[in-house]
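2 protein chains.
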Amino acid sequence: MLTLVIGNKNYSSWSMRPWLILRALNIPFEEVMLKFHSAEWDAKIAHYSPSKLVPVLWDGEVGGGDSICVWESNAIYEYLAERFPDRHVWPAGAKARAYARAIVAEMHAGFRPLRTAMPMNIRARFPGLGMNDDVAKNIARIEALWKEARERFGQPSASGPFLFGAFSAADAMFAPVVMRFMTYSPTLSSDTESYCAAVRAHPSVVAWQTDALAETEFVAEDEPYAGTFTKN
Amino acid sequence: MLTLVIGNKNYSSWSMRPWLILRALNIPFEEVMLKFHSAEWDAKIAHYSPSKLVPVLWDGEVGGGDSICVWESNAIYEYLAERFPDRHVWPAGAKARAYARAIVAEMHAGFRPLRTAMPMNIRARFPGLGMNDDVAKNIARIEALWKEARERFGQPSASGPFLFGAFSAADAMFAPVVMRFMTYSPTLSSDTESYCAAVRAHPSVVAWQTDALAETEFVAEDEPYAGTFTKN
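Each protein sequence line maps, in turn, to chains A and B. Each residue of the first sequence is one higher than the one before, starting from 1 at the first, in the numbering used here. Each residue of the second sequence is one higher than the one before, starting from 1 at the first, in the numbering used here.
So here's chain A without its partners, still in its complex pose:
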């Protein structure tokens, strides 16, 4: 049995990435949420995550000596790809798979200006905020990667409107960027808008957003623009 340990769904972009692929591919798992800055986090994080990072995936009993513990989104994707080879975590075809892994890795380590200036905050709407020259460069690069993936590997595809046709780890990796675009509303190409709409409508993303909108906690460090608008 798999257990995925995550943070708040409204804020935790890293937690969202493995959760979506598990849900999208119908891989059964138990979810354990430890909310940031909570007494429960302080009491339980060392048990659930030896590295004290989320997300972390357990295969087997949490903390068990025979269990496997994996952290970092792309390492979790690779673990799931090996463990469930029939579920297609990665696209079929060596060329598509190489491209998918490269853009997932680029997302994993990069786009810091975007991540800093436009933190994920699913329930918030801060149109026009967060933009600067470095963020604009990040967004241009992301739009180019998405366009190239869809043109080369995703279309024409009967399997879906996603980067490589069917929803894969690459879409799960970039879904928090789609959430940021919803919150901060940068100007995007029609290609990008169309892809974002498809991601937002994927059942796994709908489910995550629904849970996020039901949360009420407020994590100040992830709310750099909260003072800008009246909050409900």
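Source of the hints: derived by calculation from the structure; they are not laboratory data. Errors might be hidden in some of the hints.
[To be verified] Pairwise CB distance ranges (calculated): (1) B:Arg112 to A:Lys137: 13 to 21 Å; (2) B:Thr216 to A:Met131: 41 to 49 Å; (3) B:Ala158 to A:Glu217: 48 to 56 Å; (4) A:Asp86 to B:Pro85: 15 to 23 Å; (5) A:Ala94 to B:Thr187: 40 to 48 Å; (6) B:Gly64 to A:His88: 25 to 33 Å; (7) B:Arg112 to A:Glu148: 38 to 46 Å; (8) A:Thr216 to B:Arg112: 26 to 34 Å; (9) A:Gly64 to B:Ala158: 40 to 48 Å; (10) A:His88 to B:Met131: 40 to 48 Å; (11) A:Leu53 to B:His47: 22 to 30 Å; (12) B:Ala214 to A:Phe218: 17 to 25 Å; (13) B:Gly64 to A:His37: 32 to 40 Å; (14) A:Arg200 to B:Glu151: 43 to 51 Å.
[As the list claims (entries may be wrong)] Within a straight-line C-alpha distance of at most 30 Å, the following computed BS3-like cross-link-like pairs (lysine-lysine) qualify: (15) B:Lys95 to A:Lys44; (16) A:Lys95 to A:Lys52; (17) A:Lys95 to B:Lys137; (18) B:Lys137 to A:Lys35; (19) B:Lys137 to B:Lys95; (20) A:Lys137 to A:Lys147; (21) A:Lys95 to A:Lys44; (22) A:Lys44 to B:Lys137; (23) B:Lys95 to B:Lys147; (24) B:Lys35 to B:Lys52; (25) B:Lys95 to A:Lys52; (26) A:Lys52 to A:Lys35; (27) A:Lys147 to B:Lys44; (28) B:Lys52 to A:Lys137; (29) B:Lys52 to A:Lys35.
These numbers were taken from a predicted model, which means no experiment stands behind them. For each residue, glycine too, the CB sits at the ideal point set by N, CA and C.
Since the structure of chain A is provided, determine the placement of chain B on it from the hints.
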């Protein structure tokens, strides 16, 4: 045929990571070096690397429409693991492999204070420089990961003194950290010193260092401490 496009060996920690595993596992490849801030870089980078990043691995003719192009160290490792399944890019055993991928991913995206304050500069010796509280935390985390890997997966091992016994992608990923420790000489545990000595003596690392020491170019942005000492 594989082609690996890299930057200066003295400085390019990212280039070192895939180069070492190719060399260590005896996978034939052609090396193309484009030196940073050179006319050759400006003239050729777009041909060799559509993303203008190094390293980049080509499988097939460089720029060819049927060729596969992969960038980002960990994506290159996964590509090689699939392409050469008999070469053992990753350790055997699902648990060891999951741990290896997690620490490789953590290196790929993290340890920014260390990377910023102690940039790789193989020919330089700046003992005691670059240390601060965040760097110390990075080093403590790295020492803990190396120790845990060797205790759980590397020893006792007839296959080698490395993180998972035989030299794997995890060692190649952390080798630039070993180079930094050589340059900046932070205080390290005896376990760490012993591992570092093994990495420095691995034939692939010896070969890279030899090439690095033969370089004469000076890349100012990677030399924050260059004014501190008289240079030869």
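- Any hints this thing doesn't respect? Which numbers, in order? 7, 9, 11, 12, 13, 16, 17, 21 and 29
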